[in-house]
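Trainee: Chain by chain, the residues run as shown.
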Amino acid sequence: MAAPSAPQTSVRRRGLFGANAGDRAFRWGTLLVASSVLALIGVLAYELTTASLPAMRQFGWRFLTTSTWDPVHRVFGALPFIYGTLVSSFLALLLAVPVSLGAALFLAELVPRWLRGPVSFLVELLAAVPSVVYGLWGIFVLVPLLRPAQAWLGQHLGFLPLFQGPPYGIGMLAGGLILAIMITPIITAVSREVLQAVPVSQREAAYALGSTRWEAIRGPVWRYARAGILGAIILGFGRAAGETMAVTMVIGNRPEISASLFSPGYTLASALANEFLEATQTLHTAALLELALILFAITIIINALARLLLWSTAQGMARGVRE
Amino acid sequence: MSRRQSLSRSRAREARRAAANGLMWAFAALATIAALVPLGMVLYYIVIQGLPALNLAFFTHLARPVGEPGGGMANAIVGTLILIGLASAVGLPVGILGGIYLAEFGNHRFGAGVRFAADVLAGVPSIVVGILVWVIVVVPMQGFSALAGGLALGIMMIPTVIRTTEELVRLVPVSQREAALSLGATHWRTVFKVVLVAARGGVITGVLLAVARIAGETAPLLFTAFGNRFWSARLDQPIASLPVQIYYYAIAPYDDWHAQAWAGALVLVLIILILSAAARYATRGRLRAIR
Amino acid sequence: MKPGWLRVGALAGAAVLLAAGCAKGPSRGPGGSGQVTLTGAGATFPYPLYSKWFDEYEFAAGVRINYQSIGSGGGIQQLKAGTVDFGGSDTPLSDQEAAAMPGPVVHIPTVAGAVVIAHNLPKVTELRLSGETIADIYLGEIRRWNDSRIAELNPGVRFPDAPIAVVYRSDGSGTTSIFTHYLAAVSRPWAGRVGAGKSVNWPVGIGGKGNEGVAGVVKQTPASIGYVELAYAEHNRLPYARVRNAAGSFVAPTIEATAAAAAGAAAAMKQDLRVSIVNSPAPNAYPIAGFTYLLVYRDQRDRAKGEALAKFLDWALDDGQAFAEPLLYAPLPAAAVELTRAALRTLTFRGKPLLAEK
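Protein chains in written order, with our numbering: chain A, 112 to 434; chain B, 3 to 293; chain C, 13 to 370.
Accuracy of the hints is not assured; some may be wrong.
Using 20 Å as the maximum straight-line C-alpha spacing, the simulated DMTMM-like pairs for lysine to aspartate or glutamate come out as follows [unchecked claim]:
{"hint": "1", "chain 1": "C", "residue 1": "LYS135", "chain 2": "C", "residue 2": "ASP159"}
{"hint": "2", "chain 1": "C", "residue 1": "LYS317", "chain 2": "C", "residue 2": "ASP67"}
{"hint": "3", "chain 1": "C", "residue 1": "LYS231", "chain 2": "C", "residue 2": "GLU138"}
{"hint": "4", "chain 1": "C", "residue 1": "LYS64", "chain 2": "B", "residue 2": "GLU70"}
{"hint": "5", "chain 1": "C", "residue 1": "LYS231", "chain 2": "B", "residue 2": "ASP257"}
{"hint": "6", "chain 1": "C", "residue 1": "LYS231", "chain 2": "B", "residue 2": "ASP258"}
{"hint": "7", "chain 1": "C", "residue 1": "LYS317", "chain 2": "B", "residue 2": "ASP238"}
{"hint": "8", "chain 1": "C", "residue 1": "LYS64", "chain 2": "B", "residue 2": "ASP258"}
{"hint": "9", "chain 1": "C", "residue 1": "LYS135", "chain 2": "C", "residue 2": "GLU153"}
{"hint": "10", "chain 1": "C", "residue 1": "LYS64", "chain 2": "B", "residue 2": "ASP257"}
{"hint": "11", "chain 1": "C", "residue 1": "LYS323", "chain 2": "C", "residue 2": "ASP159"}
{"hint": "12", "chain 1": "C", "residue 1": "LYS92", "chain 2": "A", "residue 2": "GLU220"}
{"hint": "13", "chain 1": "C", "residue 1": "LYS364", "chain 2": "C", "residue 2": "ASP331"}
{"hint": "14", "chain 1": "C", "residue 1": "LYS135", "chain 2": "C", "residue 2": "GLU246"}
Derived from the structure by calculation, the hints contain no laboratory data. In this text, all values refer to a predicted model and were calculated from it rather than measured experimentally.
Using the sequences provided together with the hints, build the complete structure.
Mentor: Structural data, given as structure tokens:
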């Protein structure tokens, strides 16, 4: 049963019953497991949609454009949270991706082999810190450090709407920064593994043609590693968008839309975490779960865009090389 | 173009290329430092806050009400280990086998769908996973359990493991597969004995990242494993865990509970450190040289 | 399989089985050796007191109670779903919410607590505020500390010319409920624009997560103001304001003042134990206070658990009250205890009351 879509391997029929059965079991077994992931998302989407129905019926599409969140008067709107999630996640990516890729590059290419293990290990250790602890560290250490930094930024670059407003320390900038720190280990570790997995032959070919190490990386190594690194970034984005505890402690939790990084903000995930444990009205709970559904949709959209990006730039070499 | 001109041009080009090279290394080194600085600050803070409260009682006693000395998080430590075990029992098979499926057979629409689903799952807030498991496990069981908690955490492990496994398996050079196949190995044997072994380092990294992340999650456990003031290692009863205990202590007004919360955070990081070191040691090998 | 995988896998599996296999210590599941274990969930505010109670009660009666402070709403949700035996909530169920529960629910007030107005004005030793000024600050009407409306309540005190950094609770909570009910009671603009509840649409300010979060933000942000439970202000050494009560005096949030507020509600409790005690008319009552409740189903389904629950609640109303004050909670006034005991006696199992008349 030659799989028409099996990429790299040609499954050889051995003619012996045992081998075929083994391969069949392998294929169907892994297929079953993979479908369970799809099923899981399906169940999640279903449960979230059913639970949000009361809010969807009440507000319809206005939910996405209203800026008020008022549990007392039962008016709910998701716009400030959508804004907050997008801004904080992209800010986190903006800060984390250069640092993570740079560190991954360093660890995969430059660092002497004996040092690579320990330093990679240290970076991955960042992932072991509980999010609650990040939040507390954020309030007690990061925010007091940010306050003078924000004051300085406000003084010197205050003409930019990005840096206006009182320098409380708590706000979108603190939120983005904490998220950046939290997603760095994932992006670094996975990118490092991907870079390390690029076959030596590719680099050797480039060196044979006289390229510097940087040129080798920019060329064949990057084309090989590109998909994996994008995967790492997507994982990072997912983590940033869905993070609750740490963000909610430093972002100010104010559902408002403001151009300034110093203003407080609110994300979909934080609002959900903050209010779900206490919400008792059906409409309130439904509105909160609709926020979760919106986050779900945002993740889908961003993922689709990322894939489109990869697909459009991957024509040719990347797929070809793997064959 | 005269020889001199062409020579100076190529020297200039060489200089540019060397400069670009050097710049990259400088940037990479700085980036690594930038990544390590927050780590240092956070770890330092945890140690400074937590070490004073770390004593034998912490590891052997249960929680005591506020103001009474000698309290500890013994049941939470055991609980976290059990939950990590249960989560891995769910997350590892699904993640690794799923990743293998995607890498070996997944180049069609269904595979794209699964890949997409895994990436979307990565973005689901932990509290939503907890609510889901509450609806499908806790309410029917009419009670909280370690199993429900393990399931919730296991679900959260899946995206990282599946993604990493797929990418790393894909990157194993075709030459290695072909070598195995040409020796008469079946597909599945090739995958498990050659490909996965070659990709093992990366897969382990994915697993450890996933474990590190779920070990510190609070929100999904609040509705599933719940928490337990008493000793319990039973899988069908509520179970204590470090992140939940840390959370309760951190939000209380008392300084000695705060100190214990930090001590708990320190112990959690140490647990992950030990698990990671053990996993890396157990799966070290010489195959990295073959690339 | 490579030995590496096998080793790691075997070790991990063995560890899990070992841990799961040996139920260490005297822990036995429910029904084992006749020991009853009760499960409860809910409010975080009384958690320190409850954990003391459960400890003492286990020693006194051998009943184990596992309570997790996942929040008042969480407690109600879990009680509704039947996954816990009792819930803890800082706010009582509204009639609508009570109707949505699978069975009639009895509210048992356990203690009362004060919500204090903490501030970060290091040079101000004693701040006096009235309900209206607090409402105006939280509405954004009063923006600076040296506003005349604050000055006239505090003759002789110098305030900095600084904007007021307003801090509120971002997570839904009983503390917010008490605070907003108070503001709605004393300020018509607040009642009209914002209203009262566990989560509201705050006109101005930044949100801290939890009492600890608000205390942390207030402590770190100069010229800030925030509302927290008394214990948090005390333990974080945050100065707090004296608030003018309905009788006109500026009262500090002491245990006595809170108990006075609770005592003032005794008459209303005869109708319904779910009373609000904010803005109490009693002369030395602190105006921003509230009860915290334990919620149980009136008709218990398990005899052993029902009895254990009823006996525990009885103990809580009696011996338990002694533990309240050292932990900065106000014990219930005698009249309230009597009324609550009467409510306890309505708990039944298959129609028969669980608690014998004393």
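Trainee: Each of the hints needs a verdict: does it hold here or not?
Mentor: Now the hints, each set against the structure:
1. Of the supplied pair hints, the one linking LYS135/C and ASP159/C holds, its CA atoms being roughly 16 Å apart against a limit of 20 Å.
2. About 18 Å separates the Cα atoms of LYS317/C and ASP67/C, which keeps this hinted pair within 20 Å; it holds.
3. Of the supplied pair hints, the one linking LYS231/C and GLU138/C holds, its CA atoms being roughly 17 Å apart against a limit of 20 Å.
4. Simply put, LYS64/C and GLU70/B have alpha-carbon atoms about 10 Å apart, close enough for the 20 Å limit, and the pair holds.
5. Our distance criterion of 20 Å between C-alpha atoms is met by LYS231/C and ASP257/B, whose separation comes to about 15 Å.
6. At most 20 Å may separate the alpha-carbon atoms for a hinted pair to count; LYS231/C and ASP258/B meet this at roughly 19 Å.
7. Proposed proximity of LYS317/C and ASP238/B is supported: the alpha carbons are some 19 Å apart, at most 20 Å.
8. Between the alpha carbons of LYS64/C and ASP258/B the distance comes to roughly 15 Å, so the proposed pair stays at or under 20 Å and holds.
9. For the proposed pair LYS135/C and GLU153/C, the alpha carbon gap of about 24 Å is over 20 Å, so the pair is violated.
10. Taken as a hint, the LYS64/C and ASP257/B pair is honoured in the structure, with Cα atoms around 17 Å apart against an allowance of 20 Å.
11. In summary, the hint linking LYS323/C to ASP159/C is not supported, as the alpha carbons are separated by about 54 Å, beyond the 20 Å threshold.
12. With a C-alpha separation of about 57 Å, the suggested pairing of LYS92/C with GLU220/A is violated against the 20 Å cut-off.
13. At most 20 Å may separate the alpha-carbon atoms for a hinted pair to count; LYS364/C and ASP331/C exceed this at roughly 25 Å.
14. A threshold of 20 Å between alpha carbons decides the hint, and for LYS135/C with GLU246/C the separation of about 18 Å falls inside it, so the pair holds.
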